[in-house]
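There are 2 protein chains.
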Amino acid sequence: MLEYKPIIHLSMESSQFVLASRPTGLPSANNFRIEKTILNKLQDNEVLLKSWYISVDPYMRGRMNDVKSYAASFEVNKPIIGGIVAKVIESKSKMINAGDTVFGMLPWATYFIEKAETLRKVDIQKVPPGYYLGVLGMPGITAYIGMMEIGKPKRGDTVVVSGAAGAVGIVAGQIAKLEGAKVIGIAGSDDKCRLLKGQFGYDEAINYKTSKSIRKELAALCPDGVDVYFDNVGGEITEAVASNLDFHARIALCGQISQYNNTKPYIGYSILPHLLTRSVMLQGFIVSNYSDRFGEAISQLTQWVTEGKLKYTETITEGFDKLPEAFLGLFNGSNQGKMMVKV
Amino acid sequence: MLEYKPIIHLSMESSQFVLASRPTGLPSANNFRIEKTILNKLQDNEVLLKSWYISVDPYMRGRMNDVKSYAASFEVNKPIIGGIVAKVIESKSKMINAGDTVFGMLPWATYFIEKAETLRKVDIQKVPPGYYLGVLGMPGITAYIGMMEIGKPKRGDTVVVSGAAGAVGIVAGQIAKLEGAKVIGIAGSDDKCRLLKGQFGYDEAINYKTSKSIRKELAALCPDGVDVYFDNVGGEITEAVASNLDFHARIALCGQISQYNNTKPYIGYSILPHLLTRSVMLQGFIVSNYSDRFGEAISQLTQWVTEGKLKYTETITEGFDKLPEAFLGLFNGSNQGKMMVKV
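Respectively, the protein sequence lines represent chains C and S.
The working numbering numbers the first residue of the first sequence as 10 and each following residue consecutively.
The working numbering numbers the first residue of the second sequence as 10 and each following residue consecutively.
Treat the hints with care, since some could be wrong.
Identical copies carry no separate label here, and so any pair may be met within one copy or between two of them.
DSBU-like cross-link-like pairs, simulated, lysine-lysine; straight-line CA separation at most 35 Å [said to hold, decoys possible]:
1) 77 - 221
2) 87 - 225
3) 331 - 320
4) 161 - 186
5) 206 - 77
6) 225 - 77
7) 320 - 124
8) 221 - 273
9) 225 - 50
10) 59 - 225
11) 59 - 103
12) 273 - 59
13) 225 - 273
Since the hints were derived computationally from the structure, they do not count as laboratory data.
All figures in this text were calculated on a predicted structure; none of them were measured in a lab.
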């Protein structure tokens with residue numbers, strides 16, 4: 010891994026992906042462009058990093074648009090930025106040493122130089138490095154805070170998670186189980202449904218692609234109604250859940266992946282009459298609003314993972330040049346658990 | 010008023026409205042039937058009441074359906090129940106005396122006998138009796154709790170109220186003004202808009218029936234976005250407001266009057282992507298969930314009304330037999346402020 014030699018560094022070449030153009034609808038490989046760059050000489054407090062695991066996340070689709078949202082837009086002809094676990098090749102920082110593994114919000118590049126203060130050292134002795142992009146990273150924190158702060162499942166509650174086999178959904182459902190709830194997942198294949206029930210403790214799972222009526226299936230599985238809905242997808246699935254909500258239900262509106270590539274606003278059945286008559290609380294949920302709770306979340310998630318109470322899975326594509334392909338795979342459900350690229 | 014003589018009481022006749030049939034879509038007069046009844050002799054702890062002001066409220070439409078909701082369904086061939094201010098004609102209670110004015114949830118009848126413990130004495134020296142059906146009754150309490158508990162407007166916030174000229178909306182907007190917000194009302198006629206701005210302190214008002222684009226009008230009036238939306242109507246108006254919401258906006262989902270007579274679920278633009286990307290909190294709001302705060306609400310509303318800080322208006326139809334007509338008028342917006350029937 011540590012094959013860096015100073016003589017190479019002086020004219021060290023890196024590859025990076027930039028946003029070539031803003032997508033309309035579903036992105037394609039043409040919206041990305043790979044470029045060569047030459048790295049500068051390392052300055053004080055900087056480290057030279059080699060990308061190891063690069064995260065692809067659904068929310069990044071929103072950053073490819075030029076619209077006001079919670080995360081700033083990516084700029085055209087500038088690198089894509091995302092969560093990366095990297096190896097430190099050389100360091101001029103007292104905080105971080107060569108050989109350390111770090112996490113940061115970093116450019117999609119093979120090598121890059123970064124100020125040490127923007128990085129967090131991670132321990133890869135007990136968990137795989139990719140976990141810091143998944144169950145112990147933003148998706149896990151999202152699941153934890155969304156479920157504990159908004160969903161608040163109580164023992165005996167019925168919890169429904171959409172996008173249940175995704176990076177966030179797998180964790181959200183297991184947390185609800187740890188809190189004593191009955192948990193039903195909605196996912197896009199029989200394989201995913203088997204995985205949810207067989208490995209991740211979901212009580213029931215519905216394949217939305219083959220279900221004749223998600224609404225009726227849910228009604229049969231939740232005779233007392235749904236108390237907590239953790240929504241990662243939106244659209245028709247959310248309409249089907251809404252008509253099964255119990256009084257005082259809580260919705261953690263975490264994602265709307267079915268809508269991210271829309272070129273026109275989605276038209277569907279309004280869920281508002283259900284939310285009104287059943288006194289439902291819905292919270293649009295962006296995890297970065299809760300940064301004061303990240304420490305607690307990471308601590309609890311780490312404990313559950315090391316105790317074996319929280320399981321996880323990853324879909325890892327090999328090769329830096331596969332980043333666009335892995336990212337696009339998020340929108341046809343080709344991942345189980347956390348999707349990432351190993352460089 | 011106190012024309013009751015015991016000799017009449019022995020065979021005293023009353024008129025009452027029963028639900029003749031459950032409406033499909035917009036109700037008609039045929040869904041109501043007037044009946045004569047003979048009152049029993051007064052028992053201990055009972056009072057004989059004469060209806061004075063009878064409330065008609067949009068939420069009663071939901072009770073005419075045979076579906077699970079927050080309020081029990083009316084039964085076919087049984088009296089309609091609603092808020093009534095009545096005069097006490099005779100009393101066998103130590104709590105309430107003949108000549109008192111009381112409020113209760115009571116059958117739509119000219120005369121009736123009721124247990125005293127279900128009634129609340131009201132003071133008609135300082136405010137008109139109908140106020141106990143409006144600004145000092147359920148609509149006022151709804152506006153107060155919905156605005157203070159869910160909307161939570163801060164000084165400088167922009168608040169939008171739909172159904173702004175209705176029994177709840179008039180109060181909701183004034184409370185937001187008292188809290189220091191800029192307040193914009195949406196209502197269904199130029200007269201109502203003039204009333205909102207001229208008499209009830211709204212900063213701006215939009216006539217949704219003549220607006221070419223509610224969304225664009227709002228965008229112009231709310232350059233920094235909408236912080237609080239108090240929704241009484243749902244449908245297209247709510248979609249227009251949703252696209253103008255600011256980050257961390259709050260929606261008090263209080264009513265969906267545009268949807269109450271639907272025979273099919275409403276289909277429209279999903280507001281969920283806005284709620285997600287702007288971290289919006291929406292609470293489906295049924296005032297009866299907050300009964301522990303009614304005392305505080307009534308106390309504050311009474312103070313504001315007696316100090317002249319909170320103004321109100323009523324649309325009063327005369328004649329017991331006009332009840333169905335007054336009720337149906339709610340759905341074509343024929344009321345300004347609280348709609349009621351004076352018997």
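> When the hints from earlier in the document are held up against this structure, which numbers fail?
Replying inline: The structure conflicts with hints 9, 10 and 12, although it agrees with all the remaining ones.
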